[in-house]
Amino acid sequence: GENVEQHPSTLSVQEGDSAVIKCTYSDSASNYFPWYKQELGKRPQLIIDIRSNVGEKKDQRIAVTLNKTAKHFSLHITETQPEDSAVYFCAARHTSGTYKYIFGTGTRLKVLA
Amino acid sequence: ETGVTQTPRHLVMGMTNKKSLKCEQHLGHNAMYWYKQSAKKPLELMFVYNFKEQTENNSVPSRFSPECPNSSHLFLHLHTLQPEDSALYLCASSQEQGSNEKLFFGSGTQLSVL
Numbered sequence: 001g002e003n004v005e006q007h008p009s010t011l012s013v014q015e016g017d018s019a020v021i022k023c024t025y026s027d028s029a030s031n032y033f034p035w036y037k038q039e040l041g042k043r044p045q046l047i048i049d050i051r052s053n054v055g056e057k058k059d060q061r062i063a064v065t066l067n068k069t070a071k072h073f074s075l076h077i078t079e080t081q082p083e084d085s086a087v088y089f090c091a092a093r094h095t096s097g098t099y100k101y102i103f104g105t106g107t108r109l110k111v112l113a
Numbered sequence: 001e002t003g004v005t006q007t008p009r010h011l012v013m014g015m016t017n018k019k020s021l022k023c024e025q026h027l028g029h030n031a032m033y034w035y036k037q038s039a040k041k042p043l044e045l046m047f048v049y050n051f052k053e054q055t056e057n058n059s060v061p062s063r064f065s066p067e068c069p070n071s072s073h074l075f076l077h078l079h080t081l082q083p084e085d086s087a088l089y090l091c092a093s094s095q096e097q098g099s100n101e102k103l104f105f106g107s108g109t110q111l112s113v114l
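Same order as they appear, the protein sequences are chains A and B. Under our numbering, the first residue of the first sequence is numbered 1, with each subsequent residue one higher. Under our numbering, the first residue of the second sequence is numbered 1, with each subsequent residue one higher.
These are calculated hints, taken from the structure and not from any lab test. Misleading hints may appear alongside valid ones.
Claimed, not checked - Label-pair ranges, simulated between beta-carbon atoms:
| no. | chain 1 | residue 1 | chain 2 | residue 2 | range |
| --- | --- | --- | --- | --- | --- |
| 1 | A | Leu40 | B | His26 | 21 to 27 Å |
| 2 | A | Thr69 | B | Ser65 | 42 to 48 Å |
| 3 | A | Glu5 | B | Ser59 | 44 to 50 Å |
| 4 | B | Glu67 | A | Pro82 | 25 to 31 Å |
| 5 | A | Leu40 | B | Asn58 | 25 to 31 Å |
| 6 | A | Glu15 | B | Gln110 | 27 to 33 Å |
| 7 | A | Pro8 | B | Lys102 | 40 to 46 Å |
| 8 | B | His77 | A | Lys68 | 29 to 35 Å |
Beta carbons are placed, not taken as given, at the ideal position from N, Cα and C, and that holds for glycine.
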């Protein structure tokens, strides 16, 4: 069935370093890829997304890259700060005629001060 | 935060109880979702409603019964649950038209089944 694999499950980086989280999806018809950040005890919040007709998108310190051929997409956070510490989820969705977002298992990011 | 509101935030119930979770969205969206979030598992889609019609039932046991009276409100009725049903239940909504299908989540109901 459809699934999204996410790695690593935990990631610790020093403040100011970069963090990279990778996801692989199985459904080649997926064409929308959002990333969510969930702080402890809070709701998942959309931080960035990308569509299949784009290879890269950037928003300040956050960027997402997509390789459709390999069915990989990655989240890049530069100049990490302690407030970036959270669980990050990737997701994939086929936007034609279905409402099914398939989520990865999450990555717990710890930014060490 | 008033986009997607869930009540209650926490719920403890016995296996013979009947309770309901409530979700309300103030974003004018036409699709609403129930997700289950368990430790170390992906977010699991349970149900999807589009314009009040159920479009997805992801093989959820019948002890979970959704209700969507209108496009702004969504309920999840619970009865005779099992301890393994303990989890965070998240409601979400989206606007399923054009290319603006971003998914917005509520804060969730943390459910404990004793």
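Evaluated hints:
1. For leucine 40 of chain A and histidine 26 of chain B, the Cβ-Cβ distance of about 25 Å falls inside the hinted range of 21 to 27 Å, so the restraint holds.
2. At about 43 Å, the beta-carbon gap between threonine 69 of chain A and serine 65 of chain B stays in the expected band of 42 to 48 Å.
3. Taken as a hint, the range 44 to 50 Å is violated for the pair glutamate 5 of chain A and serine 59 of chain B, whose Cβ atoms sit roughly 21 Å apart.
4. The supplied range of 25 to 31 Å is broken by glutamate 67 of chain B and proline 82 of chain A, whose beta-carbon atoms lie about 42 Å from each other.
5. Restraint check, leucine 40 of chain A to asparagine 58 of chain B: a C-beta distance of roughly 27 Å satisfies the suggested window 25 to 31 Å.
6. Taken as a hint, the range 27 to 33 Å holds for the pair glutamate 15 of chain A and glutamine 110 of chain B, whose Cβ atoms sit roughly 31 Å apart.
7. Separated by about 26 Å at the C-beta atoms, proline 8 of chain A and lysine 102 of chain B break the suggested range of 40 to 46 Å.
8. Between histidine 77 of chain B and lysine 68 of chain A the CB atoms are about 41 Å apart, so this pair departs from the stated range of 29 to 35 Å.
Consistency note: the structure conflicts with the earlier hints numbered 3, 4, 7 and 8.
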